[in-house]
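> Sequence:
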Amino acid sequence: MIFAIFIPLLFALFVPLLSKLKERIHTGIFVLFIPLSIFLYFIRFIGKDFVPIKQTYQWIPSLGINLDFYLDGLSLLFILLISGIGTLVVAYSIYYLDRTERLGHFYVYLLMFMSAMLGVVSFDNIFAIYTFWELTSISSFLLIGYWHFKERSRYGAQKSMLITIFGGLSMFGGFILLSVIAGTTSIRELILHADIILNSNYLPLALILILLGAFTKSAQFPFHIWLPDAMEAPTPVSAYLHSATMVKAGIYLVARLSPIFSSYEWFFIIVSTFGIVTLCWGSYMAVRQTDLKAILAFSTISQLGMIMAMLGFGTKVAIFAAVFHILNHATFKGSLFMVAGVIDVQTGTRDIRKLGGLFTFLPITATLALFGTFSMAGIPLPFLNGFYSKEMFFDSTLQLTQSGNGIAQFMVQIIPYLAVIGSIFTFVYSMYFFFGVFGGKKHTMKLAKSPVEAPIGMLIPPMILVLGVIGIGLFPNAFNGTFLAHAAEAINPLSSAGHIKFWHGLNTPFIMSLIVVGVGFVLFKTKNVWKKIYDILPGRFSFNKVYDQIIKNIDIVSTKITNKYMNGSLGTYISLIIGAIVVVTGFVMIQTGGFTISFDNLAEITIIELTVAVLIVIAAIATIFSNSNLAALLITGVVGYGVSVLFLIYRAPDLALTQLVIETVSVVLFLLAFLHLPKMRKRSEKPPVKLKNIIISVGFGALMTLVGISAHSSNWFEPISDYFLDTALPIGGGKNVVNVILVDMRGLDTLFEITVLGIAALAVFTLIKLRKDKEEAD
209 MIFAIFIPLL
219 FALFVPLLSK
229 LKERIHTGIF
239 VLFIPLSIFL
249 YFIRFIGKDF
259 VPIKQTYQWI
269 PSLGINLDFY
279 LDGLSLLFIL
289 LISGIGTLVV
299 AYSIYYLDRT
309 ERLGHFYVYL
319 LMFMSAMLGV
329 VSFDNIFAIY
339 TFWELTSISS
349 FLLIGYWHFK
359 ERSRYGAQKS
369 MLITIFGGLS
379 MFGGFILLSV
389 IAGTTSIREL
399 ILHADIILNS
409 NYLPLALILI
419 LLGAFTKSAQ
429 FPFHIWLPDA
439 MEAPTPVSAY
449 LHSATMVKAG
459 IYLVARLSPI
469 FSSYEWFFII
479 VSTFGIVTLC
489 WGSYMAVRQT
499 DLKAILAFST
509 ISQLGMIMAM
519 LGFGTKVAIF
529 AAVFHILNHA
539 TFKGSLFMVA
549 GVIDVQTGTR
559 DIRKLGGLFT
569 FLPITATLAL
579 FGTFSMAGIP
589 LPFLNGFYSK
599 EMFFDSTLQL
609 TQSGNGIAQF
619 MVQIIPYLAV
629 IGSIFTFVYS
639 MYFFFGVFGG
649 KKHTMKLAKS
659 PVEAPIGMLI
669 PPMILVLGVI
679 GIGLFPNAFN
689 GTFLAHAAEA
699 INPLSSAGHI
709 KFWHGLNTPF
719 IMSLIVVGVG
729 FVLFKTKNVW
739 KKIYDILPGR
749 FSFNKVYDQI
759 IKNIDIVSTK
769 ITNKYMNGSL
779 GTYISLIIGA
789 IVVVTGFVMI
799 QTGGFTISFD
809 NLAEITIIEL
819 TVAVLIVIAA
829 IATIFSNSNL
839 AALLITGVVG
849 YGVSVLFLIY
859 RAPDLALTQL
869 VIETVSVVLF
879 LLAFLHLPKM
889 RKRSEKPPVK
899 LKNIIISVGF
909 GALMTLVGIS
919 AHSSNWFEPI
929 SDYFLDTALP
939 IGGGKNVVNV
949 ILVDMRGLDT
959 LFEITVLGIA
969 ALAVFTLIKL
979 RKDKEEAD
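Per my numbering, residue 209 is the first one in the sequence shown, and the count goes up by one each step.
A few of these clues could be false.
[Stated by the list, open to error] Derived DMTMM-like pairs: lysine to aspartate or glutamate, alpha-carbon spacing no greater than 25 Å straight-line:
#: 1; residue 1: Lys768; residue 2: Asp756
#: 2; residue 1: Lys657; residue 2: Asp499
#: 3; residue 1: Lys358; residue 2: Asp559
#: 4; residue 1: Lys709; residue 2: Glu599
#: 5; residue 1: Lys900; residue 2: Glu961
#: 6; residue 1: Lys358; residue 2: Asp403
#: 7; residue 1: Lys230; residue 2: Glu309
#: 8; residue 1: Lys262; residue 2: Glu893
#: 9; residue 1: Lys709; residue 2: Asp552
#: 10; residue 1: Lys524; residue 2: Glu661
#: 11; residue 1: Lys562; residue 2: Glu661
#: 12; residue 1: Lys733; residue 2: Asp743
#: 13; residue 1: Lys943; residue 2: Asp930
#: 14; residue 1: Lys562; residue 2: Asp603
#: 15; residue 1: Lys650; residue 2: Asp552
#: 16; residue 1: Lys562; residue 2: Asp763
#: 17; residue 1: Lys753; residue 2: Asp763
#: 18; residue 1: Lys358; residue 2: Asp257
#: 19; residue 1: Lys650; residue 2: Asp499
#: 20; residue 1: Lys230; residue 2: Glu342
#: 21; residue 1: Lys524; residue 2: Asp257
#: 22; residue 1: Lys649; residue 2: Asp559
#: 23; residue 1: Lys980; residue 2: Glu893
#: 24; residue 1: Lys735; residue 2: Asp499
#: 25; residue 1: Lys739; residue 2: Glu893
#: 26; residue 1: Lys733; residue 2: Asp559
#: 27; residue 1: Lys739; residue 2: Asp559
#: 28; residue 1: Lys654; residue 2: Asp763
#: 29; residue 1: Lys772; residue 2: Asp603
#: 30; residue 1: Lys943; residue 2: Glu926
Since the hints were made in silico from the structure, they are not lab data.
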């Protein structure tokens, strides 16, 4: 079963070969069968008798990190959305992307992204989730920047990666804290140890770090700014990212971990606040946009905010409504992005100011947009799935109760009003999108091309999604007991909507819906009157400007710092490296009690060893005062040969022989190099520089001496030498332990060392031969 997660990634290896056939067969036709096969494989698990499935595959067992595949209702929902809508997106891209495009690159990125998302929603181990989480950021960066020749594409790709990876690293820190607190990396076990986590002093920090990851990925206010710029990606990518994949990853994470944090009051406060503010701000800003994909981008932000808020509520009704709306949003938002792509291709523009009156030119597209926008608006019609989850959202805001601090109680009072306000603007931007494109006056003179209906192959994917909108609206209970209930119960075992029906009487949630439609209609019709409010809020202020200024300042500061130490001086580089080693290693050794000095079990030092050691020290010091290249080299050789003599004295002939060979080769190579180097001369350095060099050199020498003594004096582990002495003969078949280690125990290591040396030798030979050929030619 876990193999299904990696199928797209494995197939991506063959896409470059298949793309060579794109002149005859569009590459997308080959790719289409991958998400389709995954969807058909997992759809068979839908049913009332579904039970979670777990499979464990070892990955890094020493750290407790395994690929624990866990399929429950929630992961099944996301897997089907990722693979199902992925199938439609690939089918749509076959007509959207011309064969002259870099199709091989596009589908490799898309399949890599698909595998990454499947991994995020399928694994139980938090560090496995993190691995695939960051893979989604990298692959989405490649998809958003697919048209890399456009400046805005590069800008949008970089922006999305910086913000989401910032959140991902924060989330990683939160995961580490959770694993340390609970002593496990499994989400199932973390839930079982929720009481330990909730009583930990690190709970607030862990929660904030994890929510940073979720909020940045799911474009919650104020991290939402990357999502509109991500619209520079091809429309199939936009449809995929917004309906079923990347932006839903943060939603999935909060849903998956909510059983741990749901009883923590600040989880309700933080998640609900950010969610409801995102709903209001996203819907408000969507009305201001003029690009069709920008309108849909801000609409996605608002819809994600609504789902996030419901997860923050944590009640039975709210959890089910959140799961229900995840499905509904995927259907109508995916279809609307595809509709926007059709309009772009068929008219040559996405600017709503140049569009209008297209219903007669694009009747099928307009009909699809009608169902999608009206469902998104939450209009109370029984064949629109968006109304059902929107009304449940209103109901969940009315059922909130908090007996905690004043902030929580204030949130309970204000959330229903904010929900209505955000939904009013949702209605406005939905009507603005539909009637701005298909209603009103015709502006065909402003269009780049005469609009005609798109090919049927391009319309089939949004048609299927619209059929999903209608099917779920007409038969919601067909999806409830067999599918949605399992997903909701995976978050909260008590979450179940019972029987879903359209009419519940003239209750408060329905009245809230009527208010949304009534006030929204008035605001839509009077938009030209009140739209100047955007000059006040947000006015000139923009979170994008804040982001740009932050990036600019980081670039300026980093440039100054880099230019400070990257000055072209080899001496500076060596000083920084060695100085850092001395400071960091010394600090860690002191803090951990690593320095240990013991003179027990030492061999007796005779006059011979002492004489050789004194000669080595004298030779090492003499190199400092040498004015000749040759003299310095020979004196350095004395140091190496002296070490060989010590090996001989201590009965290690193999090591002595090795040292002699290496020292001889080094001396020869240095002689060849020094032949082409200028003559050594004394450097005139200022006293502060000399003092710095003395401190670094003495500090490094002292550190290495202490490390060597501490290594001999410490006995933290069983010496590995005993293993080699015991196994050299029975395993390696030799009594020479050193040779057995090099040839048998570390055979591959030695082989690759020889390979590296061989490659280096070939490179040197090539450079010499090229120079010789050039001299002969001259």
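> Decide, hint by hint, whether the structure agrees.
Against the structure, the hints come out as follows:
Taking the CA atoms of Lys768 and Asp756, the gap is near 18 Å; set against the 25 Å cutoff, the hint holds. Distance check on the hinted pair: Lys657 and Asp499 sit about 18 Å apart at the alpha-carbon level, within 25 Å; holds. As the CA atoms of Lys358 and Asp559 are separated by approximately 18 Å, the hinted pair is consistent with the 25 Å bound. At roughly 11 Å between alpha-carbon atoms, Lys709 and Glu599 fall within 25 Å of each other, so this suggested pair holds.
For a cut-off of 25 Å, the pair hint linking Lys900 to Glu961 is broken: about 36 Å separates their Cα positions. With a CA separation close to 51 Å, the supplied pair Lys358 and Asp403 exceeds the 25 Å bound. Simply put, Lys230 and Glu309 have alpha-carbon atoms about 10 Å apart, close enough for the 25 Å limit, and the pair holds. For the given pair, Lys262 sits about 68 Å from Glu893 by alpha-carbon distance, which is inconsistent with the 25 Å threshold.
For the suggested pair Lys709 and Asp552, the alpha carbons sit about 38 Å apart, so the restraint of at most 25 Å is broken. Of the supplied pair hints, the one linking Lys524 and Glu661 is violated, its CA atoms being roughly 45 Å apart against a limit of 25 Å. Under the criterion of a C-alpha separation no larger than 25 Å, the hint pairing Lys562 with Glu661 is consistent with the structure, at around 18 Å. Restraint check: the Cα-Cα separation between Lys733 and Asp743 comes to about 19 Å, which is no more than 25 Å; the hinted pair holds.
Distance hint between Lys943 and Asp930 is fulfilled; the C-alpha atoms sit about 14 Å from each other, no more than 25 Å. At most 25 Å may separate the alpha-carbon atoms for a hinted pair to count; Lys562 and Asp603 exceed this at roughly 40 Å. For the suggested pair Lys650 and Asp552, the alpha carbons sit about 16 Å apart, so the restraint of at most 25 Å is met. At roughly 39 Å between alpha-carbon atoms, Lys562 and Asp763 are farther apart than 25 Å, so this suggested pair is violated.
For the given pair, Lys753 sits about 15 Å from Asp763 by alpha-carbon distance, which is consistent with the 25 Å threshold. The hinted pair formed by Lys358 and Asp257 fails the criterion: a straight-line CA distance of about 51 Å is larger than 25 Å. Restraint check for Lys650 and Asp499: the C-alpha separation of about 18 Å stays at or below 25 Å, so the hint holds. For the hint linking Lys230 to Glu342, the alpha-carbon distance of about 31 Å lies beyond 25 Å, and the restraint is violated.
For the proposed pair Lys524 and Asp257, the alpha carbon gap of about 21 Å is at most 25 Å, so the pair holds. Of the pairs offered as hints, the one joining Lys649 and Asp559 holds, with about 15 Å between alpha carbons and a cut-off of 25 Å not exceeded. Among the hinted pairs, Lys980 with Glu893 is inconsistent with the structure: their alpha-carbon atoms are about 39 Å apart, more than 25 Å. Between the alpha carbons of Lys735 and Asp499 the distance comes to roughly 17 Å, so the proposed pair stays at or under 25 Å and holds.
Restraint check for Lys739 and Glu893: not satisfied, since their Cα atoms lie roughly 69 Å apart, outside the 25 Å limit. Only pairs whose Cα atoms come within 25 Å are accepted, and Lys733 paired with Asp559 is accepted, the gap being roughly 20 Å. Taking the CA atoms of Lys739 and Asp559, the gap is near 18 Å; set against the 25 Å cutoff, the hint holds. Proximity of Lys654 to Asp763 is assessed by CA-CA distance (about 41 Å); at most 25 Å being required, the pair is judged violated.
A threshold of 25 Å between alpha carbons decides the hint, and for Lys772 with Asp603 the separation of about 60 Å lies outside it, so the pair is violated. Taking the CA atoms of Lys943 and Glu926, the gap is near 22 Å; set against the 25 Å cutoff, the hint holds.
Of the numbered hints listed earlier, those contradicted by the structure are 5, 6, 8, 9, 10, 14, 16, 18, 20, 23, 25, 28, 29.
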